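With the hints as a guide, dock the two chains, each given alone in a separate frame, to form the complex.
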Amino acid sequence: MPEFQYAFHFDSSACSGCKTCQLACKDKNNLPMGSFWRRVYEVSGGGWRKDGEAWIPDIAAYNLSISCQHCREAPCIKGCPSGALAKRADGIVTLDKAKCLGCRYCEWTCPYGAPQFDPETGIVTKCDFCLDLIEIGERPACVTSCPMRALDFGELEELKIRLGGVGRVFPLPPESQTKPALLIKPHPSSARAEALAAATANREEVSR
Amino acid sequence: MTGSPSSLEGARMVRAGCPAHNCGGRCLLRIWVRDNTIIRIDTDDRPGDSLSQPQLRACIRGRAYRWRQHHKDRLLYPLKRTGPRGEASFARISWNEALDLFAAELLRIRKTFGNNALFVPYGTGSYNQTNGRWTAERLLHLFGGCVDYYNSYSWACISAATPTVYGTNITGNDRRDWLNSKLILMWSWNPAEMRDGTNSEYYIKKARERGTRVVCLDPRMTLSSVALADEWIPIRPGTDAAMMSAMAYVCLDEGLIDREFIRTHCLGFDETQMPPGCEGEESYKDYILGTRDGLPKTPAWAEKITAVPRATIARLAREYATNKPAVLYQGYGMQRRAYGEQPVRAGCVLAAITGNVGIPGGWAGGIALQAPHGGPLWTVFPTGRNPSRAKIPSFLWSEAVLRGKDMGWEDGLRGVESLGTDIKLIWSVASNILINQHANVNRSARILRDERLVEFLVVQDNFLTPTARFADLVLPACTQFETWGLQDGWKYGDDILLAPQILDPPGEAKSDYWIGSELARRLGLYEAYTEGRTEKDWVAWGLARYREKRYPDLPSVEELENAGMYAVPDREPAVAFAKFREDPQRNPLPTPSGRIEIFSKQLHNLGRPDEIPAVPKYIREWESPFGPEAGAYPLQAVGHHALSRVHSTHDNNPALAEGFPQRVFMNPIDAGPRRIRDGDPVKLWNERGAIVVRCRITERIMPGVVAVPQGAWWKPDKDGVDQGGNINVLTSERWTPFALGNAQHTIMVQAAKVKKAGRR
Chain A
7 MPEFQYAFHF
17 DSSACSGCKT
27 CQLACKDKNN
37 LPMGSFWRRV
47 YEVSGGGWRK
57 DGEAWIPDIA
67 AYNLSISCQH
77 CREAPCIKGC
87 PSGALAKRAD
97 GIVTLDKAKC
107 LGCRYCEWTC
117 PYGAPQFDPE
127 TGIVTKCDFC
137 LDLIEIGERP
147 ACVTSCPMRA
157 LDFGELEELK
167 IRLGGVGRVF
177 PLPPESQTKP
187 ALLIKPHPSS
197 ARAEALAAAT
207 ANREEVSR
Chain B
97 MTGSPSSLEG
107 ARMVRAGCPA
117 HNCGGRCLLR
127 IWVRDNTIIR
137 IDTDDRPGDS
147 LSQPQLRACI
157 RGRAYRWRQH
167 HKDRLLYPLK
177 RTGPRGEASF
187 ARISWNEALD
197 LFAAELLRIR
207 KTFGNNALFV
217 PYGTGSYNQT
227 NGRWTAERLL
237 HLFGGCVDYY
247 NSYSWACISA
257 ATPTVYGTNI
267 TGNDRRDWLN
277 SKLILMWSWN
287 PAEMRDGTNS
297 EYYIKKARER
307 GTRVVCLDPR
317 MTLSSVALAD
327 EWIPIRPGTD
337 AAMMSAMAYV
347 CLDEGLIDRE
357 FIRTHCLGFD
367 ETQMPPGCEG
377 EESYKDYILG
387 TRDGLPKTPA
397 WAEKITAVPR
407 ATIARLAREY
417 ATNKPAVLYQ
427 GYGMQRRAYG
437 EQPVRAGCVL
447 AAITGNVGIP
457 GGWAGGIALQ
467 APHGGPLWTV
477 FPTGRNPSRA
487 KIPSFLWSEA
497 VLRGKDMGWE
507 DGLRGVESLG
517 TDIKLIWSVA
527 SNILINQHAN
537 VNRSARILRD
547 ERLVEFLVVQ
557 DNFLTPTARF
567 ADLVLPACTQ
577 FETWGLQDGW
587 KYGDDILLAP
597 QILDPPGEAK
607 SDYWIGSELA
617 RRLGLYEAYT
627 EGRTEKDWVA
637 WGLARYREKR
647 YPDLPSVEEL
657 ENAGMYAVPD
667 REPAVAFAKF
677 REDPQRNPLP
687 TPSGRIEIFS
697 KQLHNLGRPD
707 EIPAVPKYIR
717 EWESPFGPEA
727 GAYPLQAVGH
737 HALSRVHSTH
747 DNNPALAEGF
757 PQRVFMNPID
767 AGPRRIRDGD
777 PVKLWNERGA
787 IVVRCRITER
797 IMPGVVAVPQ
807 GAWWKPDKDG
817 VDQGGNINVL
827 TSERWTPFAL
837 GNAQHTIMVQ
847 AAKVKKAGRR
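Chains as they are written, first to last, in the numbering used here: chain A, 7 to 214; chain B, 97 to 856.
Keep in mind that the hints were calculated from the coordinates and are not lab data. Values in this document were obtained by computation on a predicted structure and should not be read as measured data. Built from N, CA and C at the ideal position, the CB exists for glycine as well. Among these hints, one or two may not hold up.
[Unchecked claim] Here are a few chain B residues that face chain A, going by a calculated C-beta distance under 10 Å:
{"id": "1", "residue": "Ile-137"}
{"id": "2", "residue": "Asp-141"}
{"id": "3", "residue": "Ile-156"}
{"id": "4", "residue": "Thr-294"}
{"id": "5", "residue": "Ser-320"}
{"id": "6", "residue": "Trp-328"}
{"id": "7", "residue": "Lys-400"}
{"id": "8", "residue": "Val-404"}
{"id": "9", "residue": "Pro-405"}
{"id": "10", "residue": "Asp-507"}
{"id": "11", "residue": "Arg-510"}
{"id": "12", "residue": "Ile-793"}
[Said to hold, decoys possible] Ranges between beta-carbon positions, derived for each pair:
{"id": "13", "chain 1": "A", "residue 1": "Asp-64", "chain 2": "B", "residue 2": "Ser-652", "range": "54 to 62 Å"}
{"id": "14", "chain 1": "A", "residue 1": "Ser-213", "chain 2": "B", "residue 2": "Gly-144", "range": "32 to 40 Å"}
{"id": "15", "chain 1": "A", "residue 1": "Trp-54", "chain 2": "B", "residue 2": "Lys-811", "range": "47 to 55 Å"}
{"id": "16", "chain 1": "A", "residue 1": "Asp-64", "chain 2": "B", "residue 2": "Asp-349", "range": "24 to 32 Å"}
{"id": "17", "chain 1": "A", "residue 1": "Asp-102", "chain 2": "B", "residue 2": "His-167", "range": "32 to 40 Å"}
{"id": "18", "chain 1": "A", "residue 1": "Thr-127", "chain 2": "B", "residue 2": "Asp-131", "range": "18 to 26 Å"}
{"id": "19", "chain 1": "B", "residue 1": "Lys-632", "chain 2": "A", "residue 2": "Pro-125", "range": "31 to 39 Å"}
{"id": "20", "chain 1": "B", "residue 1": "Asp-815", "chain 2": "A", "residue 2": "Gly-170", "range": "52 to 60 Å"}
{"id": "21", "chain 1": "A", "residue 1": "Ser-213", "chain 2": "B", "residue 2": "Ala-200", "range": "50 to 58 Å"}
{"id": "22", "chain 1": "A", "residue 1": "Pro-38", "chain 2": "B", "residue 2": "Lys-675", "range": "53 to 61 Å"}
{"id": "23", "chain 1": "B", "residue 1": "Asp-815", "chain 2": "A", "residue 2": "Asp-64", "range": "50 to 58 Å"}
[Unchecked claim] With a straight-line cut-off of 30 Å between C-alpha atoms, the simulated DSSO-like cross-links for lysine-lysine are:
{"id": "24", "chain 1": "B", "residue 1": "Lys-697", "chain 2": "B", "residue 2": "Lys-675"}
{"id": "25", "chain 1": "B", "residue 1": "Lys-207", "chain 2": "B", "residue 2": "Lys-501"}
{"id": "26", "chain 1": "A", "residue 1": "Lys-56", "chain 2": "A", "residue 2": "Lys-84"}
{"id": "27", "chain 1": "B", "residue 1": "Lys-420", "chain 2": "B", "residue 2": "Lys-675"}
{"id": "28", "chain 1": "A", "residue 1": "Lys-191", "chain 2": "A", "residue 2": "Lys-166"}
{"id": "29", "chain 1": "B", "residue 1": "Lys-811", "chain 2": "B", "residue 2": "Lys-779"}
{"id": "30", "chain 1": "B", "residue 1": "Lys-278", "chain 2": "A", "residue 2": "Lys-191"}
{"id": "31", "chain 1": "B", "residue 1": "Lys-814", "chain 2": "B", "residue 2": "Lys-849"}
{"id": "32", "chain 1": "A", "residue 1": "Lys-56", "chain 2": "B", "residue 2": "Lys-779"}
{"id": "33", "chain 1": "A", "residue 1": "Lys-56", "chain 2": "B", "residue 2": "Lys-849"}
{"id": "34", "chain 1": "B", "residue 1": "Lys-168", "chain 2": "B", "residue 2": "Lys-632"}
{"id": "35", "chain 1": "B", "residue 1": "Lys-420", "chain 2": "B", "residue 2": "Lys-400"}
{"id": "36", "chain 1": "B", "residue 1": "Lys-632", "chain 2": "A", "residue 2": "Lys-56"}
{"id": "37", "chain 1": "A", "residue 1": "Lys-191", "chain 2": "B", "residue 2": "Lys-400"}
{"id": "38", "chain 1": "A", "residue 1": "Lys-166", "chain 2": "B", "residue 2": "Lys-779"}
With the rest of the complex left out, here is chain B (with noise of 0.2 Å):
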């Protein structure tokens, strides 16, 4: 009977890291199984839960996990397309028809057009070592290569501009360290929605125990500015770096900047250093104070930018050079946007300027993975090299589609000159991004329905997500409960988490790891892939890997099965830059100079000052609300990370669904005059395309802005009207100026109700 706690009886309870979809955690679960079935789920239940050592507790996604694991939609059988594609008409075939299938295509697309022109996109919807693309990597590897890609959709701008200020990514204090700070600026930042690292939240509320003032900056009142924040201040979209010079220039203009840590460890904060050959150029001060272009960036001209009032600007950047040591803690929200690379500049200049950088509850700001050593190792199952040595920057998959032959060094290519060809085999392995979560969905699907472009397309996966409704070959993956796998603490790097087998997998489905193994055997490279290891042997292996470079005293696998994880033992937090700090000519940066690039030179020699200025400014975006385009799409529309998927996993999660319902969120102000009513059927559009969600009326993001969960699955009705409210249809494929990288957050549209829509 419902609504009785579940008979333990004849169950084995097993600790095992949360199946990892690339959210922010890493959390530990305990799983009770009887007969190949999830009865339930807890969590970690280690005793003590100190601050050196906190329990990994899972978030809502964790715990709904069996809804997805027994989910009635798995794929149970290899599915051949029999009708146009993205039409998702199938026809079951066997694993041998659809491994031969799949390796004649493999041969036969490699002799006509070259290994250039195979392709395994990005994807994280499985994460661990021989689970998801690795498995996939590899293969293609031994079979002559095929075109990688670098950056993310996840932090593209952040990894390539942190650098430009730093000369590294590793520029984050230890999160132990945010208990001494006096001041953290959460900004674009929502830990408790994405997870930003297990325990981050926990670790804010922490140190604000201790006094530490929280204020959050973001346009909506998330989750974690309710329950981290001692305040809230709500900034337009893509307007962070007008804020965050405004900062600079009260700083400046009241003599609250770090004047001797600027002239020790800084590079072309003004005239009296730059860098050699630049002399005459303009400085970050010249820009604050308007030098060169009659405009002092005060507070009251970011207002009008940033619907910040003034005096919160100017009283914001008083408490933040006064009360040191603070943090200036930037989210990725703020970064995937026209010119994402701006705001990660400004706000690493801001934490220099202040002399906020290598010390103790300070933090230098941008990507921030961890002192000493960057964080998590990551996947450690090896790829092996690329012959081919191609590259593309992860988000212009679509334009080696289409002009692979033609893309050149200004479109991101590396390690080769020129590709030889257009992509013409795609094999989407645990990814949903061909369709869903690429930006302007029906242009990807016109893409994708033109068998001319790529002519075959294989998607593995657990379920038919709207990418695997597009495929040519349909391949049943395993979850994550069904293999082995081993993980490590994602940014943080704290702890690690054994995945082990639980469950045997339904139907015919596979592992990724199977699927590689029999698909190489088919090539003649079954010794050469698999090296005579099983999944478990690989997990084995990946534990040495990090035995070797970090952890002497990790245990076996047999040992970690019973905890499920490994604690990292206790230490000093660290403090990155300290060194730097205390000695620049001894410790100097690994940037050109030597110092904390503001102004920096490689991207001046770029000669792009319009896009990609050599010192951090705030440009304003190609969607706008001070464009044109507001004329017929006067709202803003973010697509954020909430806690109802993992991007587009778990969207089809009953009880998740349950508990964060997609819906626009809407300000009463921008609903009222459009008649729109909470709970009504709200149709989104632009010249891209046209969803219909229901609305959620509130006043917890700005008027101006509305907000829709990203990763809901596309769900095209018979006129191309998205019913499952996938802000993708709305998205821009057009990419940032420096980083390549995706821009989706920067997007106008205009709403209406309508009378019907489906509920979902």
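Next comes chain A alone, as it looks inside the complex (with noise of 0.2 Å):
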């Protein structure tokens, strides 16, 4: 495991779901419609109930931003057999596009929805933390395009002295599985939201 982990910071609590994050990467990444190497899923679930004439909600409602983790124990990188995946010193988990067969290992390994398949080109590409920005000092797009300033980004130990969060809120796969590099602030409504049988409400919006 590497020393220095590059990670996202999510703060749920503050994010409306307007997807800025996922069209500046779309933008910057030049990535064709139906490939989301950023997305953001909104969760919600619950119910209502008439009370005389009064209606009366019981919802969770809240969104995720959820890019690739980049993970300390990526499946991915375990599951593909060209070894196109791989880890960098910084954490950073990188896919080389000339080495990619095509075969979608990686989308059915990652629990996370991060590899992204391009029919067009027959291979799969995800996020790279926008190393090209890193590397000259920069952010990555996601984080400085956010209008809410709900994302942020360094390494993970110093990340969750400075920001706090957790690995993990429903319904994401448990923080063992993958051990990713996302901290998350949750929303408040998330902690109710397994009881009301809350799922994901707009997956077409975030995928092909």
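Dropping the structure here:
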């Protein structure tokens, strides 16, 4: 495990779901329609009851802005038969397009939906943490785009100290599964999401 | 290869204002251009990003701009109609032909019908100085005049009703003052989706970090509600004034009103302070307690109307009255309704009777243009004096087409006693109002198809919009990246943004100013129109006006070209009505009484108490779940602002359609009995028409209400059923009683699943 690990911090409590990060990523990385290196999932659930003439909601609703988690135990790397996926010393998981066979094993092994298969080119692409930007001292496109200032990045342990956060919010997979390099400040309503049978409500907006 | 960051090699970066299409934001873009093509757009990168100088971060629409700018459907050549109106059969013609034809028609119509037969409709598709409809208005004013309009499709009721209470529309404290509030009620206010000022949502976030509690009232659990509010209270559309009245009842009943402030600063609260000549009339207290109508406006009364539990209404009233200073922010959705004047006045009155006016952290309510000077300077490009002086309400243009000759004071005609003609020539610049954005699309289409009514229709735009499809002459216009512009911060007036020309236009597209100038040349008005100035000269001219009026240190165009913007220097957050609060005798309001007019004698004198009461009242809407119309059409439908577009601009942007596809949002309780499932194509209809749009089943909208984001382009199939999901097919052209504004959110519809539909 590398000692230095780049990670994202995401404030779900302040995220409106405006998808500016998702689009900023698409623009900066030249992604075609249908390809999403960053995805803003709307999680919602719950219901309504009528009390006399009044309608009373009991709803959990929040957003999760998710890219590649650059996991410390990345299943995509293990699952890649061509060795196209690798973890750098700074923790960033990269994909070498020249080596990619387009077999899509990584897509199946990633529980976060990060690898994006492009039917036009027949290969997979994914978030590279805006390496080109951080190498010149700038910040990833998603981070600088957020109108709510809900995204940040840095070294994982340093981020933990600076901003805190948890590694998992419903309905993301258990943290232990892949050890994602992500810290989340949960939205208050996420505590009740599972009990309210919440689910991703906008799948069509974040996948092909 | 896609999926690789674009190389910026050989590209130049330009800082520029995001093209203004009348969203509420005014943001800064950094645009990389190579070979006359935008290859990347990001946003304000000024260091610091502090509360006093926050970055102006663009939203998804600004970031997605290159897909609009380089769209394959851009209009490239002038087009002349060859088939029946509205069928979009056109032939390419030269600019000379186009301009000669247009000039000849202007002269013919003026000669036959007079200047009042000419009209440039409302429209905000392009919005910075020499871009947009102002260029056309300037020319027609020089040409002897035309019919102008007043008010807007956005703010008709709130801009007309606010002054009936306060005598002015400058009722807002500086946004940074929200950090001094203990409680903010976001009432029908959704800054995260409409961007009600760049950074409004960020200021609310900062206020919450300091402990401000935020409650959102809206039939939709909006993006703002999720990100900004501690509590969401769903309220039935069109019933806001009922809830406000019940909150006033609780304040009155439990002694939570600010009696001293009411005594010293207000008028018409109770029988002790009625204006002269109105001593025996119904005071606000009379209305709330039901002294005259026998109907106390209790929370139990309001629960039946609003669907908000009575206990919630009472609790919110107590919270608002006892957590001073507090903000009751009135958004604009609730005033684009049948009696949209009432919730505006009722909200102002709640602020007044709880003493939240004129104090830091408080909020007077109403339209809330910013103290001290009212916010932005807007468009300073001079349209000149209109020799005709005729003005109509912006929403009543179709009345002026159908019966302009007969319009009078009661129809909102101002400046002249009679138009003397109907409107015969329409020059629509950067506007999709005529077909797409006005109410009742099928009606508008019928009117425009009749060539005996409007005899010549010119549409000047970037794309063949639904309105352009009805044109006799289509003129291809530049985008704001292809011309020079200048803008200041929408309603809140922060920061000044330069919009330099960064691209050459495609094909034969020309700027609005060029079109105006060349037409002026044919009418012998070139010198008068241009005053010898280029677009860039007019931007410099505009900067000089801004400098004279407010910002003496504003730099030159050349200096602004580097930064893209001028940040207004830090200042103390202003508080509206602070001086009035301090000494109402010495600093009276510009109302007839000098006080906050809870009872308006001006409204009383109109003599229409059922529709324009002197004190704010809940009035059942003309289409409502409580009327007989609910039998056939049981669902209320609202057309909210969404991030997929700015009004109808960007509707064809694939990157936005992907992130926010056009859907009807429906509660499972309404979808279930109709056997509608998530993703199904659904037909929505009423007596005015029908649309088909796919369904998103969501708990985030209250039962009995459906929402269809406004602005989708009208795409009628062969049966006239709109496959584009344009809610204006269903909206009503009826206008509000006092403001004569649009009431497009007041409609009832029915919904059913359909088997076939065009997928958007």
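Structure-based check of all given hints:
no., hint, result
1, Ile-137, "holds (6 Å)"
2, Asp-141, "holds (7 Å)"
3, Ile-156, "holds (5 Å)"
4, Thr-294, "holds (8 Å)"
5, Ser-320, "holds (6 Å)"
6, Trp-328, "holds (7 Å)"
7, Lys-400, "holds (4 Å)"
8, Val-404, "holds (6 Å)"
9, Pro-405, "holds (4 Å)"
10, Asp-507, "violated (38 Å)"
11, Arg-510, "violated (40 Å)"
12, Ile-793, "holds (9 Å)"
13, A:Asp-64 x B:Ser-652: 54 to 62 Å, "holds (58 Å)"
14, A:Ser-213 x B:Gly-144: 32 to 40 Å, "holds (37 Å)"
15, A:Trp-54 x B:Lys-811: 47 to 55 Å, "violated (33 Å)"
16, A:Asp-64 x B:Asp-349: 24 to 32 Å, "holds (29 Å)"
17, A:Asp-102 x B:His-167: 32 to 40 Å, "holds (34 Å)"
18, A:Thr-127 x B:Asp-131: 18 to 26 Å, "holds (23 Å)"
19, B:Lys-632 x A:Pro-125: 31 to 39 Å, "violated (46 Å)"
20, B:Asp-815 x A:Gly-170: 52 to 60 Å, "holds (58 Å)"
21, A:Ser-213 x B:Ala-200: 50 to 58 Å, "holds (55 Å)"
22, A:Pro-38 x B:Lys-675: 53 to 61 Å, "holds (58 Å)"
23, B:Asp-815 x A:Asp-64: 50 to 58 Å, "violated (42 Å)"
24, B:Lys-697 x B:Lys-675, "holds (24 Å)"
25, B:Lys-207 x B:Lys-501, "holds (16 Å)"
26, A:Lys-56 x A:Lys-84, "violated (52 Å)"
27, B:Lys-420 x B:Lys-675, "holds (19 Å)"
28, A:Lys-191 x A:Lys-166, "holds (11 Å)"
29, B:Lys-811 x B:Lys-779, "holds (14 Å)"
30, B:Lys-278 x A:Lys-191, "holds (24 Å)"
31, B:Lys-814 x B:Lys-849, "holds (19 Å)"
32, A:Lys-56 x B:Lys-779, "holds (27 Å)"
33, A:Lys-56 x B:Lys-849, "holds (25 Å)"
34, B:Lys-168 x B:Lys-632, "holds (28 Å)"
35, B:Lys-420 x B:Lys-400, "holds (29 Å)"
36, B:Lys-632 x A:Lys-56, "violated (60 Å)"
37, A:Lys-191 x B:Lys-400, "violated (39 Å)"
38, A:Lys-166 x B:Lys-779, "violated (50 Å)"
In this structure, the earlier hints numbered 10, 11, 15, 19, 23, 26, 36, 37 and 38 are contradicted, and the remaining ones agree with it.
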